[in-house]
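**Q** The residues making up each chain are set out below.
There are 4 protein chains.
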Amino acid sequence: MIISIKLHATRAEIDAVCDRIREFGYKVHSIEGEERVVIGAVGVGDVTACLESLEAMPQVEKAVRISAPYKFVSREFRPGRSQIRANGVEIGGDEFVVMAGPCSVESEKQILDTADIVARHGAKFLRGGAFKPRTSPYDFQGMELEGLKLLRRAKERTGLGIITEVMSDGDVEMVAEYADILQIGARNMQNFALLKSLGKANRPVMLKRGLSSTVKELLMSAEYIVAHGNQNIILCERGIRTFETATRNTCDITSIAVLNELSHLPVILDPSHATGKRSLVPALSRAAVAIGADGLIVEVHPQPEKALSDGAQSLNPGQFASMMRELEPYVALWSKARTAEMAAV
Amino acid sequence: MIISIKLHATRAEIDAVCDRIREFGYKVHSIEGEERVVIGAVGVGDVTACLESLEAMPQVEKAVRISAPYKFVSREFRPGRSQIRANGVEIGGDEFVVMAGPCSVESEKQILDTADIVARHGAKFLRGGAFKPRTSPYDFQGMELEGLKLLRRAKERTGLGIITEVMSDGDVEMVAEYADILQIGARNMQNFALLKSLGKANRPVMLKRGLSSTVKELLMSAEYIVAHGNQNIILCERGIRTFETATRNTCDITSIAVLNELSHLPVILDPSHATGKRSLVPALSRAAVAIGADGLIVEVHPQPEKALSDGAQSLNPGQFASMMRELEPYVALWSKARTAEMAAV
Amino acid sequence: MIISIKLHATRAEIDAVCDRIREFGYKVHSIEGEERVVIGAVGVGDVTACLESLEAMPQVEKAVRISAPYKFVSREFRPGRSQIRANGVEIGGDEFVVMAGPCSVESEKQILDTADIVARHGAKFLRGGAFKPRTSPYDFQGMELEGLKLLRRAKERTGLGIITEVMSDGDVEMVAEYADILQIGARNMQNFALLKSLGKANRPVMLKRGLSSTVKELLMSAEYIVAHGNQNIILCERGIRTFETATRNTCDITSIAVLNELSHLPVILDPSHATGKRSLVPALSRAAVAIGADGLIVEVHPQPEKALSDGAQSLNPGQFASMMRELEPYVALWSKARTAEMAAV
Amino acid sequence: MIISIKLHATRAEIDAVCDRIREFGYKVHSIEGEERVVIGAVGVGDVTACLESLEAMPQVEKAVRISAPYKFVSREFRPGRSQIRANGVEIGGDEFVVMAGPCSVESEKQILDTADIVARHGAKFLRGGAFKPRTSPYDFQGMELEGLKLLRRAKERTGLGIITEVMSDGDVEMVAEYADILQIGARNMQNFALLKSLGKANRPVMLKRGLSSTVKELLMSAEYIVAHGNQNIILCERGIRTFETATRNTCDITSIAVLNELSHLPVILDPSHATGKRSLVPALSRAAVAIGADGLIVEVHPQPEKALSDGAQSLNPGQFASMMRELEPYVALWSKARTAEMAAV
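If you read the sequences in order, they're chains R, C, H and V. Going by the working numbering, the final residue of the first sequence carries number 358, and the count climbs one at a time with no gaps. Going by the working numbering, the final residue of the second sequence carries number 358, and the count climbs one at a time with no gaps. Going by the working numbering, the final residue of the third sequence carries number 358, and the count climbs one at a time with no gaps. Going by the working numbering, the final residue of the fourth sequence carries number 358, and the count climbs one at a time with no gaps.
It should be emphasised that the hints constitute simulated quantities derived from the structure, not laboratory data. Treat the hints loosely; a few may be bogus.
Repeated chains share a single entry, so a pair holds when one copy, or any two copies, can fit it.
Below, simulated DSS-like cross-link-like pairs (lysine-lysine); rule was C-alpha separation at most 27 Å, straight line [to be verified]: (1) K229 to K75; (2) K75 to K40; (3) K209 to K162; (4) K213 to K229; (5) K84 to K40.
From just these sequences and the hints, can you work out the full model?
**A** And the structure:
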C-alpha cells in the first residue's frame, strides 16, 4: 500500500498513521517529499481492512493498494491459459467455440429447430433462457422448468452442449441438472449470494460482465466463485453502458485483450447484446476472432420477428449460416496463432 | 407505439408491418411523409411483445412506445404522494426522516453505541448491514443472523426502527423478522428473483438505484415489487457510476425531482455512498433537503477509523450531531413547503 | 511520484528506472515489498515529462503523481476564497449572484424585455449568446456583432452586467469590448488556443465544465488561463454526460462542494443546461444554494415557446419571478453561513 | 416529427400545438390513442426550430424528429463509399491505409528517423503534432511552425503524406501549407469556429470523435465541414470516455460498423489513444481490420521512453514492424471483401 498524507499534517498525525499501519502487521517506509509525506506499507496482512481504516483517518489524503485484489484468476497465479471442458468441448484451448440459440426457449418446435440449425453450421453449444431477467414484470418471464426439459431434449437430439441462465442461488442445483454451463447474466454479476452458491456447483460457469462493471470487478466476481470452490469459469464481454445510444450497449472489445493479459480464464464475446442490432453482429464477430476471443455466444432464432424477446438482435438461420462461413478464414488465422502460442509455452 | 419505416421500403413491406400491428390487436394510423412513412399503433395490447416483433422486421427503422412502461408506481395512477409507515414513522409525509448507522454491524458495543448516538440526534431508523455485499470474497461479509439479533437489541433499547439489507430471495423471510424496512442494495436492483420475493414480504422495502440504472429502470424495479403484491416502497438515490473519480459515485440529485414528477413513491438520498467522503456529506445532505427528498440514510460510526467497511464515508458522532443541527433550518423550510403542498391537494 | 515495478522485474531493470528518475532531478526512495518493488521520487522537476518517460518503460507497471497538477487555482496556493469583480458586483463574496437571460439574443425587443424582467427580480447579470455553438450547421448560429450591440443597449438601459460566450481565440478582443464576463462553453473547455488567448483578455472568464470533463480537468483548464495571465475565473457546473436520459445532462452537484475544497475560485451552477427541463430548474436551484454555490446562471425568455433555442429549459417571466421569491429564505441561510465563514478567516 | 401530448391535455391545448406545427409549414396528422394524443408533422421546414418551439410548450411531452439531422454525409444521400485522395493515396477505396508516427514532432532526428521506419514497413502517411493540445499548461506544447517545417523535410525525404493537427481557426491556412491531411483532435470535434474554417480549407480533414460524442454528433460535425464547402472528410474512432480505467479510453469499435451503415465517409481507428497502452495496440489493430475500418493511425516513436508525450502508448520500431507483418493476412481478407463489395455496386 501507498499512503499519501495531507499537506500540513503534524508529526503526531503522521506518526498515528504509521502506528495504525504497524497494527495491521505491515512495515512502514516513509518518504518525506518537498511538500508532502508518502508512506509505503510492506508485508502481508488484511489489505482491505487496513486501507479502509487508513482512509477513514482525516490526515490521510489517499491510500492505494499496489497488488491486485484477486489472486486465483490472475495470470501471475497461473501463467498459461485455462481450458474449461464442458460436454466434451474445450473452451480456452485450440478451438474457437461458438454458442448459439434463441434468447428464450419458447416452444418445443422453436428450440429443436434452432438446435438443428446451429448444430448444422458449426455451433458447439445451444443457448436459450428458461429463466429470463426482464426489466418489466409484465414481459415474458421464461418457461422455467419446462424450458429446461426442452433444452435437454434438444441436447439428446443434436449432441449440443447446453448453456442456460440461472438467476437465484435457490435454483442453481436444479439448473445444473440440465445445463452443461451455467450462465450468469450481466445484472447478476455482483449477486454475491448467487456467486457463492456457484462455488459449490458441479458445472462450469459463464460469467457475463455487468453493464457498468470494470474489468477488475469482473475478475473479482470470478475470484468469488473460485474462492468458494469452482475453478471452471468462462468470462464474457457483452457491452457496457455508456452515453452512446446508436447501439444497445458499447462493446468494450479491448477488454478481451486486457483480460488475456491479466487472467488465465477464457473470454468470449456476446455480439448480440453488445450491439442490439442484427446487422452489426457479423462485423463485430469478425473483430472478436481477430482480437483473440475464445468464442462467441450469439442469438439465433428461426423467425426473429416472432421471437418473444430480443428479436431485433437475433440472426435468422440464413444469416447465421452466412456469418459462420464468413468467419472461417478468420478462425483459421486464429487457430494458427493459438497453436503457435500453445506450442511456445 | 410509433413505428418509423426505412426509406425506400416497398408498399408490400409497409403493409406487412401494418398487418403485424393488427395481429397484436392495435389499430393502425399511417402517416406518409415526404421521405418516409411513420405508423401510429393505437389500442390496448401486449406492447413489449409487439415492439419486439416489429423491431425484428428489417423494414422497420425504429419502434417506440409512447406510454410509460410502469403503471402502479406512476403519478398518473396515483396523483398524490404515498406515505410508507414503518415502526410508527411515516416516510413521504410531513416529516423529514433520517436513517443512520454504521455500514456493518460489527459488535454489540458498536451497534448499541451507534444507536444511542443517532437516536439522541434525531434519527428515526438505525441502519446497519448484517449481510454485506462486498466486491472481494476476502473482505468482511457481515455477522449475518448474529448481526440481525444485535439490531433487534438496539431497537429494544432505543425504539429506533431497523433498516437492513437482504441479498437473496432465500433470506427475505428471516431478515423480515428483524427489520422494519428491507433494504435492497444497488447491485441487486435488477435481481428479479429477489424483487419477486419482496412482493410477498410483509415489510416496506427501500430500493436503491443501481450504479448504472436509469430513473425509468428504478421505477420498473419498483413496479416488479408492486406487481408481486407489496406497495410499500421507498426509492433511494445513492449516486451513479460515471467517468468522474473525485467522488465515489456521481450523485444525480436531479433524479429526486424527476422521481417526484413521475411517481408517488417517497425518495430518500444516501449521501455517504453518493460521495464516498465524509467531508462532503453535510453539504450534499443540505442539497437533498432543499431539492425535496423525503429523508436521508447516512453512515455513522462511533470510530470511523476502526470501521470494518466504509470508514472514509462514515461520520463520527460529533460530525453527525453537528450536521443534524445544521440541517434544522433547511428542514424547517422543507416542512413549510410540504405542509402547504399537502394542504393544497 | 510513486512508481510501481512489474512483478519479476530484474535488478537491472529496476536500476534503469531509478537512473531515469535521477536524470529528471529527483531523489529515489525504493521500497522492497514481499512481491513487488515500489519507488518514490522526491524533489522538484518536470513531473509530466518524467511520468511519461517512466510509463513508457516496459518494466514499469504504473507511475502516479502525488501532488496536484495545478497550482495557482488550488486552495493550497490561496487558502481563502477569491472574489471576482465585474460591473461592480462581486462573485465569490457575501452575495449570491444570479445571472439570467435567454439562450440567444434574437431581437432588440426580446433582449430588452428580458433584461427588464430579470433585473426587476434580482438578477445582476444578463446572459445571452451572440455567437452560438450549435450541433447542426443548419440551426440558428446567433446574431454575432449585432447581438453584442443589443446586449450593450440592454446594459445601458438596466445597468445589468453582460455575460456572453466567445467561441474562438480570434473573437476574444471583440467580445471583450461588449462583455463584462467572457463565457466559455462546455464544448470549448479544452480549446487550448482559446484558453491561452483568454489569459491576455482584460475581462473575467466564466469557464463551463466540459460534458465529459473531470473536476481535475476543469481546474487544469482554469490553470491554463491563470498561467497565461488572467486570474479572474468563475467555474460553472452545468451537468455532465452520462447514460441517464431523463434529463438533458446529469448535474454533478457534489462537484460544487469538491471544487470548494480544492480551489479558491467561485463556482456557480447552470440549472437550465443541467436539467434541460424548465420544471426542474427551481428545485435544482434551491439545491445549488444549499450546497454552497456562489450563484446561478439561468435561462429566461419572454416567450419560451418562441425561442430560437433552448425553449424547453427556459423559464418564462412568471416562473423566474416565482423562483427568485422561493429562493429568498435559502439565500438568507446561505448569507448567514457565508458571513460566518468570512468572519472566521 | 412526432409529437406526443401530455395526458389530460385539453382540446384547446392540443389545437394550439397543431396550429404551431402548421405555422412552421408542416401538415398535421393527429392520432388519438386510448390514453393519449400523438401528432405527426409532415412536410419540409425548419425542423430544429419547430422542435424547439414545440418542446417549450407545457402540454407537449416529447417532440422527436424522424429524419436524420445530417444530409450530405449520409449513405442515403450518397449510397456508395467516398474515396478521399491525399498525396496520391486513396482512403476509403481498395487499399487499407496506415498512418504512423510520433505523438509530437520533437527534433529533426526524431521525426526523420521515424519517417524512415514507418515508410519502410508500409505506412503511407506520417503523423506528428506540431501544435499539441495538452491538459496542462506546463506540458510541452509542440514545436509549432518549426515542427511543420520538419514534417515537410520528412515528406521530401520519404514521400510519405503528412497528417498533423490544427487547433485554431486562425492556424488553418498555415497548417494547410504543410499538411496533406488536417487532423482535428477529439477535444475540438465541436469547436464550431474551427469546423467552419475547415470548410474553406483546400485539404482533406481527419475528424476525430470527441471523448463523449455520439456517432450522430460526429456525423453532425462532419456535416458542418461539408456544409461550409469541404467534402473530403475522414472520420476517426479513438475511444470514448467511460467508467472503465483499465484502458485510457474505451474503444467503441462497433461505431466503425455503425458509421459504415450511416455514412459514405471513410473511417479509421486510432488504437494508440483508444488503449493508451502499447501492448494492446496490435490486437486492437487486427480487430479494426476485421471489422472493416479503412485504415489506422498509430503512434510510433524511435525511443518511446524518451518521448515528450504519449510514450506509454507508442510502439517502438521493432513492435511496429512486427505488427505490420502480423496484420498482413488480415489485410488480405479485408482487400478481398472490399474488392468484392466495390465490384458488386
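**Q** So which hints don't hold here, by number, going up?
**A** Checked against the structure, no hint fails, so every one of them is satisfied.
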